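First to last, the sequence lines map onto chains A and B.
Mapping to UniProt numbering: the first sequence position 223 is 223, numbers consecutive.
Mapping to UniProt numbering: the second sequence position 145 is 145, numbers consecutive.
None of these hints come from the bench; they were simulated from the model.
Everything numeric in this text was worked out from a predicted model, so none of it was measured.
Even for Gly, the Cβ is constructed at its ideal location relative to N, Cα and C.
Treat the hints with care, since some could be wrong.
[Said to hold, decoys possible] Chain A is nowhere near these chain B residues, computed Cβ spacing over 10 Å in every case:
1. Asp15
2. Ser16
3. Arg99
4. Arg136
[Claimed, not checked] Covered stretches of chain B (chain A as the covering partner; in silico rule of three or more C-beta atoms under 8 Å from a C-beta of chain A):
5. 111-121
6. 167-180
[What the hints assert, rightly or not] For the chain A half of the interface with chain B, some residues (derived, Cβ under 10 Å), not all of them:
7. Lys42
8. Ser43
9. Gln45
10. Ala48
11. Glu49
12. Lys51
13. Ala52
14. Lys58
15. Ile76
16. Lys129
17. Lys133
18. Val139
19. Leu177
20. Met180
21. Val184
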Amino acid sequence: MGIFNRIFKVGQAEAHAVVDKLEDPIKMTEQGIRDLKKDLDKSLQALAEVKAMAIRSKKDLMTNKEMAKNYEQKAILLIQKTEKGELDPAEADRLATEALTRKEEAVAEASRAQTEVDRFETNIASLDKNIKKLKSTIVSYENELRTLKARARVSSATQKINKQLSGIDSTGTVSMLEKMKEKVAQQEAMSEAYGEIAMDSRSIDDEIDDVLSENSVKATNSLEELKARLKQQ
Amino acid sequence: MGIFDIFKKKEPHYDSTNIRVQDLDVGFVFEYDLSTWEVQAIYEYDWGDDYFTREFKVSNGALTRYLAIEEDDELEISLSEKVKIRTLGVDLMSSLMERQKPPQTINYNGVSYLLEKEAPGYFHDIAKGDSWEEFRSWDFVDKEGKHILTIEQWGDKEFEASVGIILQEFEISNILPASN
Chain A
1 MGIFNRIFKV GQAEAHAVVD KLEDPIKMTE QGIRDLKKDL DKSLQALAEV KAMAIRSKKD
61 LMTNKEMAKN YEQKAILLIQ KTEKGELDPA EADRLATEAL TRKEEAVAEA SRAQTEVDRF
121 ETNIASLDKN IKKLKSTIVS YENELRTLKA RARVSSATQK INKQLSGIDS TGTVSMLEKM
181 KEKVAQQEAM SEAYGEIAMD SRSIDDEIDD VLSENSVKAT NSLEELKARL KQQ
Chain B
1 MGIFDIFKKK EPHYDSTNIR VQDLDVGFVF EYDLSTWEVQ AIYEYDWGDD YFTREFKVSN
61 GALTRYLAIE EDDELEISLS EKVKIRTLGV DLMSSLMERQ KPPQTINYNG VSYLLEKEAP
121 GYFHDIAKGD SWEEFRSWDF VDKEGKHILT IEQWGDKEFE ASVGIILQEF EISNILPASN
């Protein structure tokens, strides 16, 4: 391998290491769930649209069925009026034919609406199935992420506590206490040493002064008094 | 609008995996009583003291109903249909006009409704801009608290009535959003 290739490989490895550090698996999973939710939202909107169209088609179907029924009744009424002699037969036939033509138009419209309703129902069933699947996937991912987040928090806290208890952590309380103990012991040793040095450095004059000091004289006198009292007893 | 606003994507106001009744908007569809309903309009009611309620005009193609939502301490949902005020009592309208006071009890379709509250308010159709209309309403509820009846007065002589039922949130299902 040439030198440049090796340098490139080193650079590549370093770049990967940096990216690995930047990657937070929790954040990346959260982003993944957000993306899935966007897809779900689009599917839900599409389903809502199809359902709304199905509602309109059902309305069309119903209206046209009613209309067909109505025109048929009108045609019957026209024939009945002719039979009763209330209407000219030719005129009645013309109007009844017109009414029946409109009835047929309404029936055709109703049939078209029915076809649409059926088609929409099929679309709804298929979309609904996919949406349910996607929704359940998202919910399971969210639950899993929630559990993982909790586990990550627990393990991080446990790791911190264990690190402190084992004394590995230089900033931990145990380590701080040990350091403090060492410092106190050091200070005590130092003061003891200073004391010894002080004792060693006393001169004869110091000793004489000590003996002749007021307190010392008082103590000697008291001692003599005590001795005298004891003799009298 | 700033130049970067072009790239901002609108986040939906609902959770796609759990769309609730409170999230309903125009164009949303939902299932109720084995039928699919579409939200066609939203009305807002201002009862004073910053207290607002919402009502959705919904249709399943054959019927039109009004889904009211009230979020006080807990969520209250009702589904009503308009009825002619004369069907509630022959003298009701004249007595309301003369005395401005409704009876304590109204019997309708075998249900006995008791007067519960009277409240003045303002009505607003969200699609029609910011013009608010003043009105007064009288709410009646049956003893079991399942059926409701409302009489509204608009102006001096105009009255409207509706009867309905109280729903539980779970009765409304499969709520789907409208495309933006």
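Do the hints match the structure? See the list:
Distance check on Asp15 (chain B): its Cβ comes as close as 8 Å (rounded) to a Cβ of chain A, failing to clear the 10 Å threshold; non-interface status is violated. The beta carbon of Ser16 (chain B) sits about 5 Å from the closest Cβ of chain A, which is not more than 10 Å, so the claim that it is off the interface is violated. Every Cβ of chain A is farther than 10 Å from the Cβ of Arg99 (chain B); the closest lies at roughly 42 Å, confirming the non-interface assignment. With a least beta-carbon separation of about 34 Å from chain A, Arg136 (chain B) lies farther than 10 Å from that chain, consistent with its non-interface assignment.
Here the stretch 111-121 of chain B counts 0 residues with a CB under 8 Å from a CB of chain A, which misses the bar of 3, and the coverage is violated. Look at the stretch 167-180 of chain B against chain A: 5 of its residues bring a Cβ nearer than 8 Å to a Cβ of that chain, three or more, so the hint holds. With a least beta-carbon distance of about 8 Å to chain B, the hint placing Lys42 (chain A) at the interface is held under the 10 Å criterion. The beta carbon of Ser43 (chain A) is positioned within 10 Å of a beta carbon in chain B (closest approach about 9 Å), and the interface hint is therefore held.
Annotation: Gln45 (chain A) was flagged as interfacial toward chain B, and the flag holds, the nearest CB pair being 4 Å apart, inside 10 Å. Of the supplied interface hints, the one on Ala48 (chain A) holds, with its beta-carbon coming within about 4 Å of a beta-carbon of chain B, less than 10 Å. Because the closest C-beta pair between Glu49 (chain A) and chain B is about 6 Å apart, less than 10 Å, the hint holds. The restraint placing Lys51 (chain A) at the interface with chain B holds, with a minimum CB-CB distance near 5 Å, inside the 10 Å limit.
Restraint check, Ala52 (chain A) versus chain B: the minimum CB separation of about 5 Å is within 10 Å; hint holds. Taking 10 Å as the C-beta contact cut-off toward chain B, the hint placing Lys58 (chain A) at the interface holds, the least distance being around 4 Å. Of the supplied interface hints, the one on Ile76 (chain A) is violated, with its beta-carbon coming no nearer than about 25 Å to a beta-carbon of chain B, more than 10 Å. Against a cut-off of 10 Å between C-beta atoms, the interface hint on Lys129 (chain A) is violated, since the closest Cβ of chain B lies about 13 Å away.
A hinted interface residue such as Lys133 (chain A) counts as satisfied when its beta carbon comes closer than 10 Å to some beta carbon of chain B; here the least separation is about 12 Å, so the hint is violated. The restraint placing Val139 (chain A) at the interface with chain B holds, with a minimum CB-CB distance near 6 Å, inside the 10 Å limit. Nearest Cβ of chain B to the Cβ of Leu177 (chain A): about 50 Å, over the 10 Å cut. The hint is violated. A cut of 10 Å between beta carbons decides the hint on Met180 (chain A): the least distance to chain B is about 53 Å, and the hint is violated.
For Val184 (chain A), the interface hint is violated, since its Cβ never comes within 10 Å of a Cβ in chain B; the closest pair sits about 59 Å apart.
Going down the numbered hints, you'll see the structure goes against 1, 2, 5, 15, 16, 17, 19, 20, 21, while the others check out.
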